[in-house]
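Visitor: For reference, the chains in residue letters:
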Amino acid sequence: DSGVTQTPKHLITATGQRVTLRCSPRSGDLSVYWYQQSLDQGLQFLIQYYNGEERAKGNILERFSAQQFPDLHSELNLSSLELGDSALYFCASSSLGRAGDTQYFGPGTRLTVL
Amino acid sequence: AQSVTQLDSQVPVFEEAPVELRCNYSSSVSVYLFWYVQYPNQGLQLLLKYLSGSTLVKGINGFEAEFNKSQTSFHLRKPSVHISDTAEYFCAVSESSNFGNEKLTFGTGTRLTIIP
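These protein sequence lines map, in sequence, to chains W and P.
Quick note on our numbering: the first sequence kicks off at -19 and runs consecutively.
Quick note on our numbering: the second sequence kicks off at 2 and runs consecutively.
Fair warning: there could be bad hints in the mix.
As the list claims (entries may be wrong) - Derived, one-sided and incomplete: chain P residues facing chain W with beta-carbon distance under 7 angstroms:
no., residue
1, GLY44
2, LEU45
3, LEU52
Claimed, not checked - Partner residues are not named here, just some residues of chain P that face chain W (Cβ under 7 angstroms, in silico):
no., residue
4, TYR33
5, LEU47
6, LYS70
7, PHE107
It is worth saying that the hints were derived from the structure and are not from the lab.
Note that beta-carbon positions come from the ideal geometry of N, C-alpha and C, so glycine has one too.
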């Protein structure tokens, strides 16, 4: 158990819908990362937050957005969903968000878009 | 920008035999290197990482990796594998010095299958 929790574990929805994925980092960790794992794209970095502020952006679509709240939990919002958005979405956290810090991964949310 | 190449998508190995999973990276700046393991239906778990110092890094579960700067490689090894090592293994890099770019760039993964 990494100490990172993600809800829900599974999500099945239809094209065009909007969903919210939630992540609670390890106690004391200030930085949260979101990654997408799909068969065709592999594991890709989406976005990083540090203490409530966006720090880095990766291959995140404009239909996707995220935020980190004062209690440090984070939410990833996916809208206008397409079939290709079906994937496993991981949240990771690290203590200070520095290069070289170990990122601890949650168990993931499996999103299926029908 | 960095990139990671894991040359073998699948590696079958007999139980108690040694294994090497290969990883090569490309980057114009200094990097940190990581190996993560993903067991079925689970998240990723750090096996080991190289930040600086000794090029031979020891990790959990008997794994070790060697950083070779001239060959831009970070191969993962284990002298004797067990059934429980069956999993997907990911090599990853991050820039070592660029604030605001601590993301991990992953390879495509190597599926290790242990044959009894």
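Visitor: Each hint needs a verdict: does it hold in this structure or not?
Guide: Here is how each hint holds up against the structure:
1. Residue-level restraint check for GLY44(P) holds (minimum Cβ-Cβ distance to chain W is 4 angstroms; threshold 7 angstroms).
2. Against a cut-off of 7 angstroms between C-beta atoms, the interface hint on LEU45(P) holds, since the closest Cβ of chain W lies about 4 angstroms away.
3. The beta carbon of LEU52(P) is positioned within 7 angstroms of a beta carbon in chain W (closest approach about 5 angstroms), and the interface hint is therefore held.
4. Because the closest C-beta pair between TYR33(P) and chain W is about 5 angstroms apart, less than 7 angstroms, the hint holds.
5. For LEU47(P), the interface hint holds, the least distance from its beta-carbon to any beta-carbon of chain W being 5 angstroms, beneath 7 angstroms.
6. Checking LYS70(P) against chain W by beta carbon gives a least distance of about 16 angstroms; that is not within 7 angstroms, so the hint is violated.
7. At its closest, the beta carbon of PHE107(P) sits 4 angstroms from a beta carbon of chain W; the interface hint therefore holds under the 7 angstroms criterion.
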